[in-house]
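Given the sequences, and given the hints that come with them, work out the whole structure.
Protein chains in written order, with the UniProt record's numbering: chain A, 1 to 242; chain B, 1 to 288; chain C, 1 to 343.
Don't read these hints as lab results, they were simulated from the structure. A quick note: this is a predicted structure, and the numbers were derived from the prediction, not measured. Some clues are possibly wrong.
As the list claims (entries may be wrong) - Cut-off 20 angstroms, straight-line C-alpha distance, at most; resulting in silico cross-link-like pairs (EDC-like, lysine to aspartate or glutamate):
hint	chain 1	residue 1	chain 2	residue 2
1	A	175	A	31
2	A	101	B	173
3	A	224	A	202
4	A	183	A	202
5	A	101	B	184
6	A	175	A	126
7	A	101	B	185
8	A	101	B	176
9	A	101	B	174
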Amino acid sequence: MNALLEVDAIDVAYADFRALHGISLTVAEGETLAVIGANGAGKSTLLKTVAGLLRPVAGQIRFDGHDVSRTPAHQRVRQGIALTPEGRRIFGSLTVEENLKVGAHGRRQGPWNLATVYDAFPLLAEKRSRRGAHLSGGEQQATAIGRALMSNPRLLLLDEVSLGLAPVVIADIYKALPTITAKGTTVLVVEQDLTQALTVADRVQCLLEGRTVLEGAAADVTRKQVQAAYFGVDATEGQEDE
Amino acid sequence: MDWINAVLQGFLLGGQYALLACGLSLIFGVMRIVNLAHGVLAVAAAYLALWLVQQTGMPSFLTIVVVVPVLAAVGYAIQRGLFNPALRHGELSPLLVSFGLAVIGANLLQEIFTADSRKISIGDLSTSAVDLGGLRLGVFSLITLVVAVAVIVGLQLYLSHTRIGRAMRATKDDPEAATLMGIDERHMYALATAIAIGTVALAGVFLGMSTQFSPTYGDLVLIFAFEAVIIGGLGSLWGTLLGGLVLGVAQTVGAQIDPAYGVLAGHLVFLVVLLLRPQGLLPKAVVA
Amino acid sequence: MSAPTTLTPMSSATDLKVVRGGWPSLAGGGVLAAIVVFLAAAPWFVFSPGDVTNLVTLFALIILGTTWNLMAGYGGLVSIGQQAFIGAGGYGVIKLADVVGLPIPVAVLAAGVVCALLALPTSFLLFRLVGGYFAIGTWVVAEVFKLVTQELPGFGGGSGLSLTAFQGVDRVTRIATVYYLALVLAVAVVLATYLLMRSRVGLGLTAIRDDSVAAASLGVAVRRSQRLVYVAASGGAGLAGALIAVNGLRVSPGSMFSVQYTAFMIFIVVIGGLGTIEGPILGAVIFFALQQLLDAYGTWYLIALGAIAIAVVLLAPRGLWGLAARGRYEIFPLGHRVHPPRQ
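Written as structure tokens, this is what we have:
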């Protein structure tokens, strides 16, 4: 399998706080990887770094074989990396449709356009002329994912899709994921909701305090193993170096 | 009759103020920068037009074709070279930088063109008027008002319906999220400033055709433009148009009472609006 | 296993030494005090009357820089309209001395108080604006002050007023009076600003500057502190204006209400170092020296000042004092320093 994204031993720091230590991961073209871990494990930091909002202080990020560690975020979008950020970050004064059109700003060609996004998220079609600030949490999340898809990404980064949403709404949104992957999009999802993560992902990687503590095919890891890794009690590996 | 005339003349004057103010409104709307070099740039545009007329014998109105793109390019460069780096140091820095620019600009103009008052000649147009039942409306003032409305409608349509306009509004809402859409924030800011300074240049040429101007005239331009923006309501281009008209009427009616009170009356109306309706007359009704 | 089970025992608070200032600050303060003593003695043996008159301008600039910094550097209020109070102070002192008949030093102080009183109602209008819009709003107020002054009967219209209270006083006495008054007021304004910043008001304002989110949640208290700062700084601008008027012996609306003063204040504070007590003093001295040296170059001098200010904002945002002291050294210590216990 051809590796689309290779994160190679990156360190990321905010001011004087080191948020990620030597994280490595690989996402193959076409697969869905779920990165899980508790609050503060560094998941959002990882996605922001891949998207280009943060720069690693050490290590390298390769996209489709090219080093993009120093590429600004807006150019990474044009190369095919799209992030649905934590907190959704919908443009409040723009309508749903305008939010989607802004998503297509980079004019990458691909399967996604207004029609296909409305097909994948029917609830958006009804709300197309509503302003972002007046949407419910679920509608905002759907808009955020749709907006990211409009850039026709090869790699879609989803950050905490379920955060603050009711279970029904979460299920509704995740229903669109197979449609997305069916179009060949590679997905890297960060999720606190274990059930969803294990359902949608091909592989799972678990972070704890900025380090990888568990990795495996989603079908092979048990919920118990993940929970153990999640809370930092002894799981598959237990080295305490550094 | 005098009073009706004063109000009508005020509307026409207001057109000029609105045209001067919409660039200030746009830059603030998109970047939260208050550009204190705004007035100086308008006056610089007037001087550039004057220079073109004198050097090339170009018809006065044709200078717009040169002056607007040149000043827009200057605006782009100012944003990329000075305001964008200043924004990294917080809100205070762009303000201070723009003040430095205003001082440099006014003194450079004085050095090049002397402190004498000038005017761009427009021939008979400056005196021709339409007679409206005993009221004389200056043709040039009418043109200015029409241009002001056209510029504001044009800006509004541009922001609402074009790819770049949408990207500007998105960047205004959330600059970081905008970069995730493939938008280069610094370029977008520079485009917004270029457009804004382009409108300022247009306003400056019209100003130079209607009044005597000198290098320090930019101070008054900045104050009037600012008053129009605040009276109308921050972040609303339609409000800026209304604010310009209100300010113009206040000044001409004030001057009707006593010629010395014109400008003062405008300031007082501004302060009264601030006191009674600090959000302005048309706050944030529309985008930008 | 990477559970955070072991906590290194924290040093107990008593082991730490919390220090403000210390001997380097005392030394710096000593040098400044020596300069003040020298300045106090200097007219007797060094300076010509012309120099003495010029130095009054320097002292007025120190007051203007210090008070503008109090607003912008500590209060987060950028005003480009303090010429309102410079003008009011200038016109005020002439009216108080010539019409009311107050002795000059009293009239200067009273002019400062009048300006502070004028600033209070003004603040209720202007505080409806924030950031850059507050800035231009202050300018509009200054223009209103100017236009009203021109129109008021007995204020000399566009040509202004002359000070007559000094008539009959011999030149040396007059110059000395103004010189010492200006020196005392400059020292007093700097010390008062320092003490204000060390008080609870100052601590609150420093908190705003360092954390706007926390400041927003403090709302009302912040607004009150900012108002206090605005009123005090305007009183200071009034004092400076009064000094300029009694030094120059005449005022006109065009010069006293000129926005040029704002340009000077911004240059002084930005070049010296925003948000420090020392910066505006250093900035005023540099500005004054440049003015004396380059005044003959007229507009080019102002162009250069503008360019220098922009360069400092972009390249050395903490100003020359910030560059020199690297944030570690303070003559007027505001911060505390924590020293770990000696091992």
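Open item on the list: Please list, smallest to largest, the hint numbers that this structure does not respect.
Closed with: Result: no hint breaks.
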